[in-house]
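Sequence lines, in order, name chains P and G.
Note that the numbering used here has the first sequence beginning at 1, numbered continuously upward.
Note that the numbering used here has the second sequence beginning at 1001, numbered continuously upward.
No lab work stands behind these hints: they were computed from the structure.
Check before you lean on any hint, since a few could be wrong.
Cβ-Cβ distance ranges computed for the label pairs, FRET-style [unchecked claim]:
| id | chain 1 | residue 1 | chain 2 | residue 2 | range |
| --- | --- | --- | --- | --- | --- |
| 1 | P | SER47 | G | GLY1041 | 41 to 47 Å |
| 2 | P | ASP16 | G | ILE1134 | 16 to 22 Å |
| 3 | P | ASN8 | G | THR1040 | 32 to 38 Å |
| 4 | G | GLY1041 | P | VAL33 | 23 to 29 Å |
| 5 | G | ALA1046 | P | GLU64 | 21 to 27 Å |
| 6 | G | ILE1100 | P | SER47 | 23 to 29 Å |
| 7 | G | GLY1061 | P | ASP68 | 31 to 37 Å |
| 8 | P | GLU71 | G | LEU1070 | 23 to 29 Å |
| 9 | P | LYS59 | G | THR1066 | 36 to 42 Å |
Just a few of them, taken from the derived set where beta-carbon distance is under 10 Å, the chain P residues facing chain G [claimed, not checked]:
| id | residue |
| --- | --- |
| 10 | ASN8 |
| 11 | ASN29 |
| 12 | CYS30 |
| 13 | VAL34 |
| 14 | LEU67 |
Given the structure is predicted, the values throughout are model-derived calculations rather than measurements.
Note that beta-carbon positions come from the ideal geometry of N, C-alpha and C, so glycine has one too.
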Amino acid sequence: MYSATMRNPHGYMVIDGEESDTITCSHCNCIVVVMKDKPGGFCIKCSGLICDSCVDVGKCRPFEKWLDKVEKNLDKDRLFDSVTKNV
Amino acid sequence: MGAYNCDLGRTADNTHGVAIYQPAAALKRVRIGDIIFGVTGTPADAAYSLAAQRSTAAPTGGTSVTPQALDPADLAASALSMDGAVSASTLTANAFLLNIGLNQRSTFRWVAREGKELVIPGTNNNGIHLLTPIGTALAIQWGAHIEE
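Same shape as in the complex, but just chain P (with noise of 0.2 Å):
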């Protein structure tokens, strides 16, 4: 994992002149530091790079999911308020 994270990263960091490479978790889309001793996760159901907190939760819960929920409910208040406020 931690070879193919440093073929192709994505992203990285700089402080004070010096770079790291970063993953964006494909779950909750946290910025994880990529390092030798601790490169993170990788979920199998998704293929996507995963942060250390989605490790433990142990469930693929792929982060364009998260954010078409999200949406969906806004959707569902826009009904809502179509409904109730005959906009």
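We have chain P; now place chain G onto it with these hints.
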């Protein structure tokens, strides 16, 4: 997709941060792909922390800053940003997208590859707040590039 710069800052006060957020009627997703951060006050050789945290309500108490289009031909950004926002009451618990300890004398920059940005859902008032929850209160400057 247009690209915009948010030039944000905060005076010496740890209860305030900066925020990039959706308007009351969100139109589209907003992607933050570049964050640069540094102290503009008088930094000591001491630690402080930098955090990015999700929120579901619009920030208050600060000054609105209009994101500037990098290409002047682009339309105005639909996303909003705020300097010196009071964020605490609107933050989503544990929804940290970045949480890192730094020396006050360090300049920090994070750049995402295309498609790996921090994403704000296209939901009314949702946003991401940039904060320094731990450390001495210092004047701070943030720059963030967003796409939408």
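Each hint, compared with the structure:
1. Range check, SER47/P to GLY1041/G: Cβ separation about 45 Å, and the 41 to 47 Å hint holds.
2. A hinted range of 16 to 22 Å holds for the C-beta pair ASP16/P and ILE1134/G, which are about 19 Å apart.
3. Checked against the hint of 32 to 38 Å, the pair ASN8/P and THR1040/G passes, with Cβ atoms roughly 35 Å apart.
4. A hinted range of 23 to 29 Å holds for the C-beta pair GLY1041/G and VAL33/P, which are about 26 Å apart.
5. Distance hint for ALA1046/G and GLU64/P: a CB-CB separation of about 40 Å, inconsistent with the stated range 21 to 27 Å.
6. Taking the beta carbon of each, ILE1100/G and SER47/P are about 27 Å apart, inside 23 to 29 Å as hinted.
7. Hint check: GLY1061/G to ASP68/P, Cβ distance near 32 Å, so the stated range 31 to 37 Å holds.
8. For the hinted restraint 23 to 29 Å between GLU71/P and LEU1070/G, the CB-CB distance of approximately 26 Å keeps it satisfied.
9. A C-beta distance of roughly 40 Å is found between LYS59/P and THR1066/G, which places it inside the suggested range of 36 to 42 Å.
10. Proximity of ASN8/P to chain G holds as hinted, the smallest CB-CB distance being about 9 Å (cut-off 10 Å).
11. Interface restraint check for ASN29/P: the shortest CB-CB distance to chain G comes to about 6 Å, inside 10 Å, so the restraint holds.
12. With a least beta-carbon distance of about 5 Å to chain G, the hint placing CYS30/P at the interface is held under the 10 Å criterion.
13. Taking 10 Å as the C-beta cut-off, the interface hint given for VAL34/P is violated, the closest approach to chain G being about 13 Å.
14. At its closest, the beta carbon of LEU67/P sits 5 Å from a beta carbon of chain G; the interface hint therefore holds under the 10 Å criterion.
This entry does not satisfy hints 5, 13, going by the numbered hints stated previously.
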